[in-house]
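Here the protein sequences line up with chains A and B, keeping their order.
Position 387, counted from 1, in the first sequence is what full-length UniProt numbering calls 387; the numbers after and before it change by one each time, with no gaps.
Position 80, counted from 1, in the second sequence is what full-length UniProt numbering calls 80; the numbers after and before it change by one each time, with no gaps.
Think of the hints as simulated: they come from the structure by calculation, not from any bench.
None of these values were measured; they are calculated from a predicted model.
Take these hints with a grain of salt, some might be off.
As a list, the in silico DSS-like pairs of lysine-lysine whose alpha-carbon atoms are at most 30 Å apart [what the hints assert, rightly or not]:
hint	chain 1	residue 1	chain 2	residue 2
1	A	110	A	78
2	A	343	A	328
3	A	30	A	73
4	A	39	B	239
5	A	147	B	49
6	A	67	A	211
7	A	74	B	49
8	A	116	B	49
9	A	49	A	70
10	B	49	A	78
11	A	108	B	49
12	B	239	B	49
13	A	116	A	147
14	A	49	B	239
15	A	108	A	189
16	A	137	B	239
17	A	211	A	39
18	B	239	A	147
19	A	30	A	233
20	A	115	B	49
21	A	272	A	233
22	A	67	A	110
23	B	49	A	137
24	A	9	A	74
25	B	49	A	110
Non-contacting residues of chain A with respect to chain B, defined by C-beta distances greater than 12 Å in every case (computed) [said to hold, decoys possible]:
hint	residue
26	299
27	350
28	353
Note that CB positions come from ideal geometry on N, CA and C, so glycine has one too.
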Amino acid sequence: MTTPLIEMKDVVKSFGRHHILRGASLTIEKGEVTTVIGKSGEGKSVLLKHIIGLMEPDSGQILFEGKEFKTMKKAERKQLRSRFSYVFQNTALFDSMTVYENVALPLKEKGELSKKEIAERVATRMDQLDLHEIGNKFPSQLSGGMKKRVALARALVTNPEIVLFDEPTTGLDPIRKNAVHSMISDYQKKFGFTAIVVSHEIPDVFFISQKVAMLDEGQILIQGAPQDIQQSKDPIVQGFLRGMEANHDALTGLGTPTQLERRFEQEMELQKQQESNFSLMVFTVENLEEINDKVGHVAGQTMVKNFAAWLQQHLRPNDTCSRYGMAKILAVLPNTTRKDAQKVCSKLARAARGEKITDAELYPGFCFSVSAGFAEATDDSPIDTVLAAAESRENMLYAFRITK
Amino acid sequence: MSVFAGVVVEPVSATGRKTIAFIQEMGRMFIFLMHSVLHMFTLPLQFVKIITQINIIGAQSLYVVSLIGLFTGMVLGLQLYNALANFGSEGMLGTSIVHTLIKEMGPVLAAIMVTARAGSAMAAEIGIMRISEEIDALDTMQINPIRFLVSPRLAAAIISFPLLTALFDVIALFGGYLSGCKLKGLNDATYWYTVENSLVMEDINGGFLKAIVFAVIVITVCCYQGYTTHMRPNGFGAKGVSASTTSAVVMSCVLILMADFVLTAFIW
Numbered sequence: 001m002t003t004p005l006i007e008m009k010d011v012v013k014s015f016g017r018h019h020i021l022r023g024a025s026l027t028i029e030k031g032e033v034t035t036v037i038g039k040s041g042e043g044k045s046v047l048l049k050h051i052i053g054l055m056e057p058d059s060g061q062i063l064f065e066g067k068e069f070k071t072m073k074k075a076e077r078k079q080l081r082s083r084f085s086y087v088f089q090n091t092a093l094f095d096s097m098t099v100y101e102n103v104a105l106p107l108k109e110k111g112e113l114s115k116k117e118i119a120e121r122v123a124t125r126m127d128q129l130d131l132h133e134i135g136n137k138f139p140s141q142l143s144g145g146m147k148k149r150v151a152l153a154r155a156l157v158t159n160p161e162i163v164l165f166d167e168p169t170t171g172l173d174p175i176r177k178n179a180v181h182s183m184i185s186d187y188q189k190k191f192g193f194t195a196i197v198v199s200h201e202i203p204d205v206f207f208i209s210q211k212v213a214m215l216d217e218g219q220i221l222i223q224g225a226p227q228d229i230q231q232s233k234d235p236i237v238q239g240f241l242r243g244m245e246a247n248h249d250a251l252t253g254l255g256t257p258t259q260l261e262r263r264f265e266q267e268m269e270l271q272k273q274q275e276s277n278f279s280l281m282v283f284t285v286e287n288l289e290e291i292n293d294k295v296g297h298v299a300g301q302t303m304v305k306n307f308a309a310w311l312q313q314h315l316r317p318n319d320t321c322s323r324y325g326m327a328k329i330l331a332v333l334p335n336t337t338r339k340d341a342q343k344v345c346s347k348l349a350r351a352a353r354g355e356k357i358t359d360a361e362l363y364p365g366f367c368f369s370v371s372a373g374f375a376e377a378t379d380d381s382p383i384d385t386v387l388a389a390a391e392s393r394e395n396m397l398y399a400f401r402i403t404k
Numbered sequence: 001m002s003v004f005a006g007v008v009v010e011p012v013s014a015t016g017r018k019t020i021a022f023i024q025e026m027g028r029m030f031i032f033l034m035h036s037v038l039h040m041f042t043l044p045l046q047f048v049k050i051i052t053q054i055n056i057i058g059a060q061s062l063y064v065v066s067l068i069g070l071f072t073g074m075v076l077g078l079q080l081y082n083a084l085a086n087f088g089s090e091g092m093l094g095t096s097i098v099h100t101l102i103k104e105m106g107p108v109l110a111a112i113m114v115t116a117r118a119g120s121a122m123a124a125e126i127g128i129m130r131i132s133e134e135i136d137a138l139d140t141m142q143i144n145p146i147r148f149l150v151s152p153r154l155a156a157a158i159i160s161f162p163l164l165t166a167l168f169d170v171i172a173l174f175g176g177y178l179s180g181c182k183l184k185g186l187n188d189a190t191y192w193y194t195v196e197n198s199l200v201m202e203d204i205n206g207g208f209l210k211a212i213v214f215a216v217i218v219i220t221v222c223c224y225q226g227y228t229t230h231m232r233p234n235g236f237g238a239k240g241v242s243a244s245t246t247s248a249v250v251m252s253c254v255l256i257l258m259a260d261f262v263l264t265a266f267i268w
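If we strip away everything but chain B, and leave its shape as in the complex, we get (with noise of 0.2 Å):
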């Protein structure tokens, strides 16, 4: 009898168990990214650092960034003039891109590739500085850790993805201008057009809010990876920082597309 209830009691408690051990992860997450947005505005203000990371998250990442744009607005500007040309509406192309780009492609996969840049150096980073003591040694020097390792690559981070958005939203548009005018033969000026016509300041803003939400994302879920590297019990040192790294990226990447979810379904 025993055996039998254990057999029906232990997946449930299990799951049980799973589920208490996520909200409480998603917890401490939350409370360490209060810690570093609090730690945003306590003086002396870090505008040195911010800068660093600005260079580091942001101005590191145009060319990756400008790359991927470039040939998803190449790919899309093909797909989409394809599957326009079956009803006859080629001419809708700019439309096209500009209602798949700006709300939904800009902001997600900007956010991805700095995720894959920075995201990943970063929770490495800060898991070698855990692992080799650093970060208590910032404890012992009075030295808050939160605030001098995440507060500025929070701040930078908001203010680089959505300029990094923006960055890769215009060279996508141009990359569909390429494969659609110069490749298929669709006429410039109507695609240009057709652009202009379809651009609305506030699809704009979305996407730029969209931006600064996986900003958010992608800075708490990396560093707060690499701060709790030692608090893994799937291995410690080298091993341990490798893991940290990998559930960071793979937790961004999958938090970012739950949350573009989340933000389209409900917001727009």
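The following block holds chain A by itself, in its conformation from the complex (with noise of 0.2 Å):
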């Protein structure tokens, strides 16, 4: 077994009468998202905050490649800690440097690079997160979203290893929380680096994570692969994810995950008891992290959007839409044979063709692309082997091709 990245072991720490944490045990993997969730005031910005080091804790340890934090020399604490990097849940901007200065100041004060080296480096990012000529505004002249990337391109021009996210989506709309939750997503990829977000966007964050801890009570109640949170029998757990989840993505307007599912084993019921057929319809946008690349977060999550919407309005009253991932739409279609499924996606087809489902003809030079796919469920096959079947390359219809 490989060392964890990151080990806390019973971290407690209490602030005069109050336990924030209590014993908390939390392992992190290294190139993983991991999502901290939980309720407000639980404490999941103390631990994180712990992990950078901004917070010692009363007891319990907290390991780095199985190494601990205390009982390291100073210079190894420094050169562990110049792996990190920290997005404030308000961005700690500095309101009175403009924002090269902003994203150069931890080159600046090291001293290890010329003024031109950073020069280039502060550009190199800045362009990577889509900042152009604003580098001479100032925070106060930005709005949330921009910010938001300002701070992430701070971070990330140290080129950290390990990047935590203090709530990085609180106060946006519901396109800026998914464009940011796809920038993260998307640069993780793209850097490598390894990512704890703390947030409350249920279900939004588990669509980018690979794994998900729920902190309560000062402790990790629970971690594992967002499906096994989702699918816990624990009553705290599922109490919370029913408390948090909206009855409708934010996003798109479409149903959640946990809707879908719920509509799922009802048909699995109908099935068994009248025989009926249904079938399950899966669309996924092909080149999403394209599209973020050339056009920017904000407009590949109104793309989306837009779909979405098409979507909807397409399909028949009786079935059942929601979003099952970050570029990825779930149908559950009753009365439905793998027959008149693909009928219906053809359909589907037809009518995108020239339609102006998205924005995309705005942005001339690409497609906004979309794999449709269909499967029919068959005797008590749960859903994500009736996913796998849909996604499958036979099942697969290649179809939504918008480009100008």
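Combine the two chains into a complex, taking the hints into account.
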């Protein structure tokens, strides 16, 4: 078994009479996005501040690659901390400095690079984060989403290996929330850092995480893959997820993954009782990363939103449609055989041709490409199996290509 | 019996608690000062930041220090002239002004003016940086906040305070001349002759030394109050910042006067 990148063991932290962490244990694997969820005031930010060393635990251990932080020498601690970056909830940009000065600050203060090298590195990062021509502006002159990106640029300019995000989407609208999530996911893949995210956004944040941990009563109640958390039978976990999950997806207005899964189970019951058929259809935006790259994350999420609205109009009233991932929409089609599902799919493909479904046509030179797949649910197969079948090559129909 | 004991013991223990808290606070402030002094010399030296701070603490205070200096000198000239005239020794006006100004009023008033102008701004600025997590952000970027925020201010104040004091002294002497000679009709030559004769380099140096001590006090107190805004029990956010600024100014002024007394009583 490989040593985890970060391991917290029974971390306890109190502020006076307030016991915030009561033996929290968490492992973070290298190169993954780990999300910490939990109620407000549970100490998620405190947990994050322990990882980066802004706070020290009253008792318990924090190990980095198997070595305890407390026992490290000063130089070793410094070297370790230089591998981290932290994106604050309220961005914590320096209001009296320009955007350029903010992003350049960590490099400038280290004094290892020349002025020219710093300028080049800052320009590269700002370009990668779509921050063009705002170098001379002050943070107060920027929109909330842009500030988040400047904060991210400042965090990434030192090429960190571990980036901590403290509620990165607080106070943003659904499109920008999803844009920030897709930004974290895309850059994490691009730069390969390990991300630790503290968030309330359920289920959106599950789409980008490889691991989710839930903090409750000062302890990590459960940690594991997002689907394991969602399928957990623990009443506290289920209560929390149900409480946090809205009754529709904020970006697209479609249903949530839980609603879709419930519908799937209902249809499965009906199938057993009445021998009716039903199918599952999956739509995946194949080139969302390319879209994000070329026209930005906000435009990318707007296209997904517009596509979802179009899809809902064109599906039958009885079909249940939910967002199931960052770029994935799933529909349960009742009373539909595989053949019927294929027909529906082809019909949708035909309807899509020439229609202005998304804003893609505004951006010449690339397309908004959606793959559609379908599969009929058979006796007692779980949703994952049917989904895998729908996504298999023989059932995939590349249909929605909107180009100019 | 226990109620009686409580009544007797409580004031004593409250005094004890407050004394311990005060001494602890002083200790923390001293450690804060030591860190700031240490980081003044850690490489790379922060020349640009020091010059920026000299501009804020020193250059931008020139106008207000000159104005206060002029009026202080004029008031001293008037009052001392009237007092001395009672004994027929108006000729000693220059000497009296020199003794009052150079060793006492120059450094003290210059320091109090800078506290009001730059010290309060410093406490508020650092306080806002603290509550908006900018100081935590410095920490996460491996930038020492004391080195980044306090050391350049301390260096700049140590350079600026004696210079501002010198300017204050010169303008106040001129103010004394205006009211003593031009308003009250004292002979110009007598005034400047007595001023020149009573000025001793030792006194001027003493005034400068006081100015340096006051610089250290003002910067330490104002920056410390701003830096620890989040730890104040009596207010968070904007209220915390306002409380920090108030106590920074009040504490600086009190400590300036206390230090002035100590330095005068035991050194000169």
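Okay, the hints, checked on the actual structure:
Of the supplied pair hints, the one linking residue 110/A and residue 78/A holds, its CA atoms being roughly 12 Å apart against a limit of 30 Å. Distance check on the hinted pair: residue 343/A and residue 328/A sit about 20 Å apart at the alpha-carbon level, within 30 Å; holds. Restraint check for residue 30/A and residue 73/A: satisfied, since their Cα atoms lie roughly 23 Å apart, inside the 30 Å limit. Straight-line distance between C-alpha atoms of residue 39/A and residue 239/B comes to about 28 Å, which keeps the hinted pair within the 30 Å bound.
For the given pair, residue 147/A sits about 26 Å from residue 49/B by alpha-carbon distance, which is consistent with the 30 Å threshold. In summary, the hint linking residue 67/A to residue 211/A is supported, as the alpha carbons are separated by about 22 Å, within the 30 Å threshold. Annotation: proposed proximity of residue 74/A to residue 49/B holds, straight-line Cα distance about 27 Å (limit 30 Å). Restraint check for residue 116/A and residue 49/B: the C-alpha separation of about 20 Å stays at or below 30 Å, so the hint holds.
Restraint check for residue 49/A and residue 70/A: satisfied, since their Cα atoms lie roughly 15 Å apart, inside the 30 Å limit. Between residue 49/B and residue 78/A the CA atoms are separated by roughly 24 Å; this keeps the pair inside 30 Å, and the hint holds. Restraint check: the Cα-Cα separation between residue 108/A and residue 49/B comes to about 13 Å, which is no more than 30 Å; the hinted pair holds. For the hint linking residue 239/B to residue 49/B, the alpha-carbon distance of about 29 Å falls within 30 Å, and the restraint holds.
For the hint linking residue 116/A to residue 147/A, the alpha-carbon distance of about 25 Å falls within 30 Å, and the restraint holds. A distance of roughly 25 Å separates the Cα atoms of residue 49/A and residue 239/B; the hinted pair therefore holds under the 30 Å criterion. Between the alpha carbons of residue 108/A and residue 189/A the distance comes to roughly 27 Å, so the proposed pair stays at or under 30 Å and holds. Our distance criterion of 30 Å between C-alpha atoms is met by residue 137/A and residue 239/B, whose separation comes to about 29 Å.
The straight-line distance between the Cα atoms of residue 211/A and residue 39/A is roughly 18 Å, inside the 30 Å bound, and the hint therefore holds. Note on residue 239/B and residue 147/A: the hinted pairing holds, with a Cα-Cα distance of about 26 Å set against a maximum of 30 Å. Restraint check for residue 30/A and residue 233/A: satisfied, since their Cα atoms lie roughly 28 Å apart, inside the 30 Å limit. In summary, the hint linking residue 115/A to residue 49/B is supported, as the alpha carbons are separated by about 16 Å, within the 30 Å threshold.
With a C-alpha separation of about 24 Å, the suggested pairing of residue 272/A with residue 233/A holds against the 30 Å cut-off. For the hint linking residue 67/A to residue 110/A, the alpha-carbon distance of about 26 Å falls within 30 Å, and the restraint holds. Taken as a hint, the residue 49/B and residue 137/A pair is honoured in the structure, with Cα atoms around 21 Å apart against an allowance of 30 Å. Among the hinted pairs, residue 9/A with residue 74/A is consistent with the structure: their alpha-carbon atoms are about 22 Å apart, no more than 30 Å.
About 15 Å separates the Cα atoms of residue 49/B and residue 110/A, which keeps this hinted pair within 30 Å; it holds. For residue 299/A, the requirement that its beta carbon stay farther than 12 Å from each beta carbon of chain B is met, with the minimum near 29 Å. Residue-level check passed: residue 350/A sits 54 Å from the nearest beta carbon of chain B, beyond 12 Å. Annotated as non-interface, residue 353/A keeps its C-beta farther than 12 Å from every C-beta of chain B; the closest such distance is 50 Å.
In terms of the numbered hints stated before, the structure departs from none.
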